[in-house]
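Colleague: Given next are the chains, with one letter for each unit.
Protein chains: 4
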Amino acid sequence: MSERKLAAVKSALASQRIETPSWAYANSGTRFKVFTQAGVPRTPQEKIDDAARVQRHTGVAPLVALHIPWDRTGDYAALAAYARQRGVRTGTVNANVFQDDDYKLGSVTHPDPAVRRKALDHLMECVDIMDATGSRDLKLWFSDGTNYPGQDDIRARQDRLSEALSAVYERLGEEQRLVLEYKLFEPAFYSTDVPDWGTSYAHCLKLGPRAQVCVDTGHHAPGTNIEFIVAFLLREGKLGAFDFNSRFYADDDLMAGAADPFQLFRILYEVRVGGGLEPEAGIAFMLDQCHNIEPKIPAIIRSVMNVQEATAKALLVDREELAKAQRAGDVLTANGLLMDAYNTDVRPLLADVREELGADRDPMAAYAASGWAARITEERVGGQQAGWGA
Amino acid sequence: MSERKLAAVKSALASQRIETPSWAYANSGTRFKVFTQAGVPRTPQEKIDDAARVQRHTGVAPLVALHIPWDRTGDYAALAAYARQRGVRTGTVNANVFQDDDYKLGSVTHPDPAVRRKALDHLMECVDIMDATGSRDLKLWFSDGTNYPGQDDIRARQDRLSEALSAVYERLGEEQRLVLEYKLFEPAFYSTDVPDWGTSYAHCLKLGPRAQVCVDTGHHAPGTNIEFIVAFLLREGKLGAFDFNSRFYADDDLMAGAADPFQLFRILYEVRVGGGLEPEAGIAFMLDQCHNIEPKIPAIIRSVMNVQEATAKALLVDREELAKAQRAGDVLTANGLLMDAYNTDVRPLLADVREELGADRDPMAAYAASGWAARITEERVGGQQAGWGA
Amino acid sequence: MSERKLAAVKSALASQRIETPSWAYANSGTRFKVFTQAGVPRTPQEKIDDAARVQRHTGVAPLVALHIPWDRTGDYAALAAYARQRGVRTGTVNANVFQDDDYKLGSVTHPDPAVRRKALDHLMECVDIMDATGSRDLKLWFSDGTNYPGQDDIRARQDRLSEALSAVYERLGEEQRLVLEYKLFEPAFYSTDVPDWGTSYAHCLKLGPRAQVCVDTGHHAPGTNIEFIVAFLLREGKLGAFDFNSRFYADDDLMAGAADPFQLFRILYEVRVGGGLEPEAGIAFMLDQCHNIEPKIPAIIRSVMNVQEATAKALLVDREELAKAQRAGDVLTANGLLMDAYNTDVRPLLADVREELGADRDPMAAYAASGWAARITEERVGGQQAGWGA
Amino acid sequence: MSERKLAAVKSALASQRIETPSWAYANSGTRFKVFTQAGVPRTPQEKIDDAARVQRHTGVAPLVALHIPWDRTGDYAALAAYARQRGVRTGTVNANVFQDDDYKLGSVTHPDPAVRRKALDHLMECVDIMDATGSRDLKLWFSDGTNYPGQDDIRARQDRLSEALSAVYERLGEEQRLVLEYKLFEPAFYSTDVPDWGTSYAHCLKLGPRAQVCVDTGHHAPGTNIEFIVAFLLREGKLGAFDFNSRFYADDDLMAGAADPFQLFRILYEVRVGGGLEPEAGIAFMLDQCHNIEPKIPAIIRSVMNVQEATAKALLVDREELAKAQRAGDVLTANGLLMDAYNTDVRPLLADVREELGADRDPMAAYAASGWAARITEERVGGQQAGWGA
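Chains as they are written, first to last, in UniProt numbering: chain A, 1 to 390; chain B, 1 to 390; chain C, 1 to 390; chain D, 1 to 390.
Looking at chain A on its own, in the form it has when it is part of the complex:
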């Protein structure tokens, strides 16, 4: 690789921004058990403190996403200022319309208009919070759906969904966006109102340019080719955000890149091909994970590094040679060129990038040596540990 190309790769890696989710610093679990961990944050501010550690060691994670009401606070502007003081910024605002008893049968698609109104009010409140924090993106995930055939009218629920989305879209400011997540199933076990990218895409298309699709890498049916979806949405100008995590089975929410690092590489290669690594593409690269059994901060650091490694490999693909082989129909050479990049050990390259960013060459080791884990274990005693609040 030429010096010029290497510099371009390093520059792209240095400018990548990976957003971490406030809730990944808190307790999480399965329906069977939430195992608590010592030192877990009790307040949004403590979550931001932890996010700041991730940023300090990695240098590419300056944003922390909020989740309302899990990060509810009296003064969001103050929270944003707190984050800036710690060297990070508050990012995407994530709405929550799935944890109130009223939402048992849905939120914005609930058969009862009063529940729909309540859910919509919450979404509007989230835009208010975005105004206060200066956030660009409102992330909408609806757990809405049904558990039994016949339980509700699938089509009528689309009408209700469409109505709510339109109301939110109209409320958005010029620089604000709505990103609509889709998910195959869970917690709804028969039908889900936004189950796939096609549904999210169709709604976003009608809403307008500030409505974009969010791809959560764990939310697909078995066998789904996620990089195809990514390539397709980029071609349509409709890819707004990623929720990175990984899975072997369902929505396992494991660390990004842990279950199928080759898939993560293929996804990031399509991001690169579609121009999605350019900052002006405006794509939010977010983690959305549950660290049920492993310590949270190092798990997030590791996830950030995994996304970086996949990105570095994607950037190493020799696209000119690849295009030649593809045009020639040379299947094995084309595949081989992609695999050459994947098989490269990019860890030294990324260590260099981190050093140039003023971060740590080995973020895992640096965090382990930092004493932060011991400190929060000691200091964060008493109070209520943050969690999903399920």
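One should not assume that every hint holds.
Claimed, not checked - Pairs of lysine-lysine residues, derived as DSBU-like cross-links and limited to a Cα-Cα distance of at most 35 angstroms, are as follows:
| # | chain 1 | residue 1 | chain 2 | residue 2 |
| --- | --- | --- | --- | --- |
| 1 | C | Lys33 | A | Lys206 |
| 2 | A | Lys324 | B | Lys206 |
| 3 | A | Lys33 | C | Lys5 |
| 4 | D | Lys104 | B | Lys104 |
| 5 | C | Lys238 | D | Lys324 |
| 6 | C | Lys206 | D | Lys238 |
| 7 | C | Lys33 | A | Lys104 |
| 8 | B | Lys118 | B | Lys5 |
| 9 | D | Lys238 | C | Lys104 |
| 10 | D | Lys118 | B | Lys33 |
| 11 | A | Lys104 | B | Lys324 |
| 12 | D | Lys33 | B | Lys206 |
| 13 | B | Lys206 | A | Lys238 |
| 14 | B | Lys104 | A | Lys238 |
| 15 | D | Lys104 | B | Lys33 |
| 16 | A | Lys324 | D | Lys33 |
| 17 | D | Lys324 | C | Lys104 |
| 18 | D | Lys33 | B | Lys118 |
| 19 | D | Lys118 | C | Lys118 |
Keep in mind that the hints were calculated from the coordinates and are not lab data.
Since we're looking at a predicted model, the values are computed, not measured.
With chain A held as given, fit chains B, C and D onto it using these hints.
Modeller: Using the frame of chain A, we list chains B, C and D on its own:
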């Protein structure tokens, strides 16, 4: 059920039209083996003869779909006339751009423009045939895709696909439609160029109102809620056709309703809710199956009956009571109302409908008693049995 | 059907016993939210009261399974006596080694011997409880597994599992059994220590005749043919118990028969073929479900009825005619014979069976009319509602 | 890594033997189309010539598996001698009881005893061939199963299977083995008679020590943890052979390591842990793939290299450190140690190993430069290209 409602149900069942595919009368198999059967047609005319038997016994299968080149003939108008003389009509024209050596790496999305041109020429020829036969629909299924990551550019293939579809769309007459099928995988094993309903929908949306999505019930990832897709497309006015068949695993192409009769019922219930049973909705209800080990004609009769039974049950759902329970959030009553219809034995009702249509109360028994199987076994000797030609 | 055959069918249906799980009367939910319901039991006794209602209306649910510690009480013999007074009996004892903080990385397969010892002690305690209640079966489900490749040694965990199972097996009395459940995934997201029937079977085989496999219908990979497993285990004499429930995606724990009634029928047909409906086969037919959004008691009644309907249809299959068609290789006739039974409306037959049992012809309506729901809503106020305790 | 350890790793890699299948040098395809390729062998001898090229360039592929009747010849001892002259040896004999018209409804499990007899005769013939060639292993894959519920008796088919396996087992010589493959589905689409490892294991257990399970990496349900199965079978002493290939969806038969290289690594890590890399473990490491669109010889070379790379990474795992982290319950460190090995670029190491074996450092380049492809394209003209013969 009131007399008036019962009459409406019977009327809807009597007006249903199920199209049978010419190729299902011919030999088919797996990659491991095509088991031949005695009496299989050797010509498009003999396939039509068989389709006419299905129509005679069931009364609701007056259309037979063609597949080019499997049904290639010198005079398509004559073929259409032949069908009419047998009491059926030629229906959808199915293009085939997957069985020429040139299509090894794709047809309309092939990296080589010469291959793309050849494929497009075939699609245009199919529209010519539609002109000659008076067919309304051109069914497009593209096996195009790749087997290995890197083999070709996913995004560039979408550009090529879009170009070809536009060219075909412009060629269509005012009364003609293009229906675009999607399929998760097979024969492409890594990426498929039209893998899901979202991709088909997005292309059809750009093409215009005469481009519609075709839902093949066997072409989805495990766990996909097909009736959701049906409901969504009907709401968007973009459901053009069904390819009915059933599956336990992949694209097994078993008889419709054989693997999951409850799913078929749920699909047809959404069709009913979305107005898709009305003739003016213009939805083509087609079978697309492979009878690898069972005799073909009775398997098709059975499949037609299975679609009818699912439709009858869908029509029996008491929508008023159901809407009440849904509005009230009464999960068990709503589900119970749907299940009441499903658990009803509709075979006597359908026997009555068939009788009123002048067909047979028990089509399977009538076919068995007709002597047709013995006759074709005796007569169709010599020549080349029709098949997929793989 | 001859009178004699009909009588045999009714007799088989009348002698069927379906065990209901105490925890299904309590609150449950997903990791996102547990929606509470009014009137939910607060004590094991109240769960038994609810189970007694199910028995009263259906006549075939005289057993209620316990879960320790969810049903922990000071005097298990007294609890059993309480049940008998209400007209039911306590059945299978279900161990719980997944909800203590110590079990974060496993129970009997945990790398730490102290945790393994603790888990084993609990299993032994469960056998003590069985002694007190007179229960025949100890149901073992281990959530043990790992979330990340490398986290622990897959093989060493089998050694530890084997050791624990042997210890429990030796502790069992002559009339007691151990039934070992398997589950594909959840809560472990990478490897599970008893993930499939083969693993459970292999361990049970080594343990001896009183170790049997438990088939939970929701615990398989997509596409798994569960009735094959049932047929195979019956042939081997190794099918000990069912946990019935249904699913569209993962371990959804919906009402049995709600998601795929045809599958439930096929399973019960294999049970019949393998002699599993005979009481001397000793198979426990249990429900294991989560009624997250629907009222619990009627959901359980409905599930019992769904199992009965599938059983009735399985009994209606004309095995003599079927065997003839199978021997003749007549695929369509054989399939048709099975479907004839499935397509029969067995609800009137079951109403008769219930009447003869002294239960209600329409258990759902009878429960609705009974006033029980209103009564428990009124009476069960205050205290702590029972739930999974996650 | 210490010099001593590195030497051990290289030694293990140098002693690895990967068997290539004669049929992978021949034409293959999907049910839609078999695309032929220039230069494809027309005889078993020409297949062996191609296998010898793979061995020459890689140095670790000295065995070529036969498939009867695809490799039928008059003198098998002569064929074995031919192979030895080319520097390779004939290996596993693969039986074929799925391509005769008689096998439409099964072979050894067919309802008709005459068909069962015919199938068994073929299996016996394969043992005769083993005697002639000196092969150790008889590989049995049965496509037997059913397409429709009710078509045949699942349990009776197990009885027939068991009978046939016993007869074959008794016929085996002291040094011969039977390896029983399992497969989820295809070509049977409802039930398969050996669908999973549990079924194969149970039969092999009853047969005796010379019956072993064959794991084909493409034959599992979605989400199956294959390395768990490998670890389990090794612990039981019942893992006899691998059929390596890779898949994104069903039994795609892509090049090993192409679809999920991380999975292949995890599998080979469990092989290492279980002692399966030791020659005395007697495990056959075979490829079983279809090169439908890519040139066959280089695809096989690439596959051999992929297996080698996965093996090399598996050998690099620091098991001592890993055991420490596992015992300590340090999830992230344990996972990190495994990933360190996986993320290492082992290509230079393998180039060294090949050089020491007298093979080529870069087998793909060496083959491309060898002129063999041009030569066979020129020479192998006329005659009938070898293929699956479906």
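Colleague: Please write out, lowest number first, the hints stated earlier that are contradicted by the structure.
Modeller: 3, 5, 8 and 19
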